[in-house]
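The hints should help you fit chains B, C and D onto chain A, whose structure is shown.
There are 4 protein chains.
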Amino acid sequence: MEKLPVAILGATGAVGQRFIQLLENHPWFEVSELVASDRSAGRDYADAVRWVLDGEPPTRIRSMRIKPLDSNLESPLVFSALPKEAADPHELRLASAGHVVCTNASLNRMLEDVPLLLPEVNAEHLALIDIQRANRGWTTGALVANSNCTIMPVVMSLAPLRQFGIEKILIVSAQAISGAGYPGVPALDILDNIIPYISGEEDKMETESLRMLGKLNGDHVEWLPAVVSATSNRASVIDGHLVNLSVSLKSQPRLDDILEAWAQFRGSDPVSLLPGAPEEPVHYFEQPDRPQPRRDRNYGKGMTTSIGRLRECPLLGYKFVALSHNTIRGAAGCSILNAELMAARGYISGFYPEIAASNPDAVMA
Amino acid sequence: MEKLPVAILGATGAVGQRFIQLLENHPWFEVSELVASDRSAGRDYADAVRWVLDGEPPTRIRSMRIKPLDSNLESPLVFSALPKEAADPHELRLASAGHVVCTNASLNRMLEDVPLLLPEVNAEHLALIDIQRANRGWTTGALVANSNCTIMPVVMSLAPLRQFGIEKILIVSAQAISGAGYPGVPALDILDNIIPYISGEEDKMETESLRMLGKLNGDHVEWLPAVVSATSNRASVIDGHLVNLSVSLKSQPRLDDILEAWAQFRGSDPVSLLPGAPEEPVHYFEQPDRPQPRRDRNYGKGMTTSIGRLRECPLLGYKFVALSHNTIRGAAGCSILNAELMAARGYISGFYPEIAASNPDAVMA
Amino acid sequence: MEKLPVAILGATGAVGQRFIQLLENHPWFEVSELVASDRSAGRDYADAVRWVLDGEPPTRIRSMRIKPLDSNLESPLVFSALPKEAADPHELRLASAGHVVCTNASLNRMLEDVPLLLPEVNAEHLALIDIQRANRGWTTGALVANSNCTIMPVVMSLAPLRQFGIEKILIVSAQAISGAGYPGVPALDILDNIIPYISGEEDKMETESLRMLGKLNGDHVEWLPAVVSATSNRASVIDGHLVNLSVSLKSQPRLDDILEAWAQFRGSDPVSLLPGAPEEPVHYFEQPDRPQPRRDRNYGKGMTTSIGRLRECPLLGYKFVALSHNTIRGAAGCSILNAELMAARGYISGFYPEIAASNPDAVMA
Amino acid sequence: MEKLPVAILGATGAVGQRFIQLLENHPWFEVSELVASDRSAGRDYADAVRWVLDGEPPTRIRSMRIKPLDSNLESPLVFSALPKEAADPHELRLASAGHVVCTNASLNRMLEDVPLLLPEVNAEHLALIDIQRANRGWTTGALVANSNCTIMPVVMSLAPLRQFGIEKILIVSAQAISGAGYPGVPALDILDNIIPYISGEEDKMETESLRMLGKLNGDHVEWLPAVVSATSNRASVIDGHLVNLSVSLKSQPRLDDILEAWAQFRGSDPVSLLPGAPEEPVHYFEQPDRPQPRRDRNYGKGMTTSIGRLRECPLLGYKFVALSHNTIRGAAGCSILNAELMAARGYISGFYPEIAASNPDAVMA
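Chains as they are written, first to last, in my numbering: chain A, 546 to 910; chain B, 546 to 910; chain C, 546 to 910; chain D, 546 to 910.
So that you can see chain A by itself, here it is in the shape it has in the complex:
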């Protein structure tokens, strides 16, 4: 199978670097266009980037020439790691020009016809693409969004509990510094410290969670009818957002029922067959002091949400802790999984991965 050429917008930033790192050796996709702001455009990637991940950029990427933001692109699939301001004009322009655009910005995430996609949780929301294309007169173009990175461990751990009737959700986060991008958090602010505030974060957590956990109803998503209270903290951790959760569940399951729900949780086909899907979407640790960000963020190649410490909450009924890698599952890795799902479902024009060819029923269900 020939690989699908993909473009990366914002290729020199921290999330852009993650895209490059995660797409190296991807079985379906191949990075063929790098796009960045004027400061970098026209230069070779190795010269323009200040590489902040491990080691060095992949050899093949080092000598690729960076294109300017307003370029017309050739790749059918575009991963955008642009910040809000830059995302604004360019993402819609490219979707309108026929590209499938996977955005990580918060900008258009809550538009009614833009799926806020998390394959194991709400693959059905992908049908919004049909609405979106009809609404906007697009044929091959599409815009699909990732959620805020902090809500990821919340939604992943709660999705299997929807069957018990989620009514109240109280979240207190301890978020990694990479969540703020690069250069992001000054070391003077966070070493030997915690910052009990992240601008705009709590609002996103209280709304995006309910939309992601909601049901598709015709042309829109019906939000989960629960009440959320979210509190954000920045911690002295490189990668990995940890959340302490208290929840109330209508049917009052036993703790064992909840453990069983997590153990059984798998994305429906074709999600579990996608190359970027982890074996376990969620993993429960028995040890009382796990999960921990540094030790468990890379579980399932950074795509598994780790859970621990399920116990009773005197106020809301149930308490536990959950953790996701914020720049893999919470950003670039999830975007790639979203794109894989779109490809498997036939939403990327002219590209049919083997999985789509060999499982037409499952895939097109």
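Rather than coming from a laboratory, the hints here were simulated on the basis of the structure.
It is possible that some hints are incorrect.
You can't tell identical chains apart in this list, so a pair holds if it fits in one copy or across any two.
Mimicking SDA-like on lysine to any residue, the simulated pairs with C-alpha atoms at most 25 Å apart in a straight line are [stated by the list, open to error]:
no., residue 1, residue 2
1, Lys548, Pro613
2, Lys846, Pro550
3, Lys795, Pro859
4, Lys612, Gln832
5, Lys629, Pro833
6, Lys713, Arg799
7, Lys749, Asp834
8, Lys846, Pro603
9, Lys713, Gly862
10, Lys749, Leu800
11, Lys612, Asp583
12, Lys713, Gln797
13, Lys713, Arg856
14, Lys846, Glu601
15, Lys749, Pro833
16, Lys713, Tyr863
17, Lys629, Asp834
18, Lys749, Gln832
19, Lys749, Glu831
20, Lys760, Pro859
21, Lys713, Asn762
22, Lys760, Leu860
23, Lys760, Ala806
24, Lys629, Gln566
25, Lys795, Gln809
26, Lys846, Gly600
Relative to chain A, chains B, C and D alone:
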């Protein structure tokens, strides 16, 4: 005025070192006996101690000879920084022998006749000493306890809100590594990490808080009739326990009423006159990203509880963040304030600080 | 005595904040003008500043209005915390207009007629002010400089060893993040990490050290005729630059001679009488694992250089470790001490501190 | 090919865990016996271990029963992660009983007939095994040692420079906390700090380096005739020992000659063919701020030594920085590579890996 000789049990440990540091130049008390385990007994302090605080031990202390744990002591007042196992036999023995013992161990903290004292919050509980002495046949001896260090910012910030009828309290902590003593938390466990579990901590937080906020009723304390849910985390912070709190209040005050209650909060006389009492027991920060452990733990010489981010909680009504220095206000500093209150109230036989002499009414009220 | 009004240039930055903090309650100087860039000018200090030090700005300062950089100032004494680019036009303009300007920028530090002053080490260099005034036609104005903050522990620890004939100096630093200002070092770069490079730092260390340790010879400083090799590293430390030093000494003293030289080292009068001078300019720690940045940077209120681990070096003869607080002794604190020395020596027109009045001989020597 | 059964002594400690992690899926060796102290012996591995590496122990290992230290073992090859005291009786006993023992303890490392092996650097030293067996009357048993973990980046980066005549070596280290084992360094000692002292470390660095870089001469190793001065520091880094080096080289090569020597450096056959050998034994980074511990310690799966910042040293001639992963290349990974070399050379009785069979000349050279 001649200073009162005091002894420190567990003088070489981390909390013992804090006692020495804080009592240097104390206007009423003077360290005159150092007590530690067999490993240190018989040696000069400077030789036995591995000093983990700033700089070097005070010059006068360096050459003091350390006494063994089973010594008979001469100091009327004893500060104990012993861990649970060592505290068990020795604290009660010394109280029984006529010493006023201020304990930091959790061992006897919840005995009905032992005051769990926090002067600004429950100075009236000190009357339990009379019950205690009657119960146990003691005349000059007494045992008074400090709370768990993590509950300190909870109790300090909630005490001024008792007037609004506290019904529910949800706490998620981020606790400093010094809370585990020395050597305590291995660096391999906490650098670039959070540990979402501290053994035994949540139980203490859920019970001690209610006793401390309760009312004295004859010979016992009537606990505050609220429900508490506590979650503990260890963070990569040297000193300073931070708690995110959600609370429900019966009378549903406006946010301004709460700010006003904090601004007005002062210990009643003689508490506010004690040498170790901070000017403000609680201080509210207007900046949205304060308080922070590293920057605000030393506010009010480590005795003020810092509060910030008061806002509505969609679930419980009110949310805010609070911070106390865990080895000053949460341990040694609070013990010293407790002892000052006991002295001012005449509970330390033969010692009358000026404040007691000059304000007999206030003091003996 | 009435206090001397002083201005602070760059008052909202990290070093500017240190000036404000250290000058609070200064016996001679009083902050009366705050100057900053356009972004802050015209606003009250509390509104413009993002306070990154402990607690809150001093109450009196909070409501002071910030002046723009091109203001004409009234304060005879000006402390400048401006970065290089901003320092360029304004510092010389103000000196030329009659102000005594204490600069922390590297810009004019190595001009032949600008003293690179460190009172305990080279108070005699202050005579360059007379040359400077003659050269430039100034009467009351002057420009005096601080050294690079990393060379501070080197120069302070080597000054007492000049008597032994310093020939070779090999320095490897571990520098605190506050040395890069605010926001400075991104947390993503330094948490769980060391950066073995700081742009421009090694050159400064190899030259400024020799000028500071040199002798005044008529109208210029004759550099110490030694060879220096410096290597810079950034470490995960908030404050406190630590240097590992190997040195060769011509007269090959015994280790005890070196210890004695450090123990005896004091600034000559009036330096040791200045309000900002620490009791011990250098302090030797006997414990093998001291000094350490976090525990010892505040020794002597951050003005003492801590030394430890003196031993033989198989290659250069002698090895030891030294530590100075980089934003106190290495920046604001040293600037203030320099200004105190200038006042005591009568270089600040119209201002005669008591020390100058009562010790005319010592002072004017 | 059937895999060779191996035993791990000290299997529950930090280095023991690394052995288990690195041997999972090893092409030649298979963990079949776990040995630990009385506290753990008799228990299943998952119950006895406090796993401090990422994720969870490999499934197959979790249920293995731990044997006591004084067991008679069946595995021909034994990796020992025992600390000095425990290593003393057991390692020699097992070697004497016919096992090939790869030790990580410092205990017998400098015995004349024990090779201090680093395959790319001194594979020829392996011939000491023949001497050792003759000396001690062993036939299949052998004892081979790893060096101190901090000297690893020194020896790896200097080995290619032996051709230029190494005369003087000055080393200043910044060592990771994992170098002290688990629990090892208390977080209270190292967060926001550097400790300028590690007991016993400097002596080892000054001697082991010269033996490792030396030449085999009949029945012993002739040390490299150079002078070494080493200084040790502990830094706030999880893994990765970084060293700043100054060296003098007799033939005074140009900087480019040195870069070329590093680029060309490869272990001689069969070393470069061993499964654990990295593609590049040393890698030079062009960027001025690399290598860095967190970002580059895993280069070459943790087996490559990263080098950067080659430049002139005003005192010794040349300066640069080097970095090795201390628990992979500096401990478990190197031990495994040593064992692979022994197998390839036919020193493990009855086990002939393909590489030995197919390259008899290269292997037996």
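Broken hints, numbered, in rising order?
Hint check: nothing fails, all pass.
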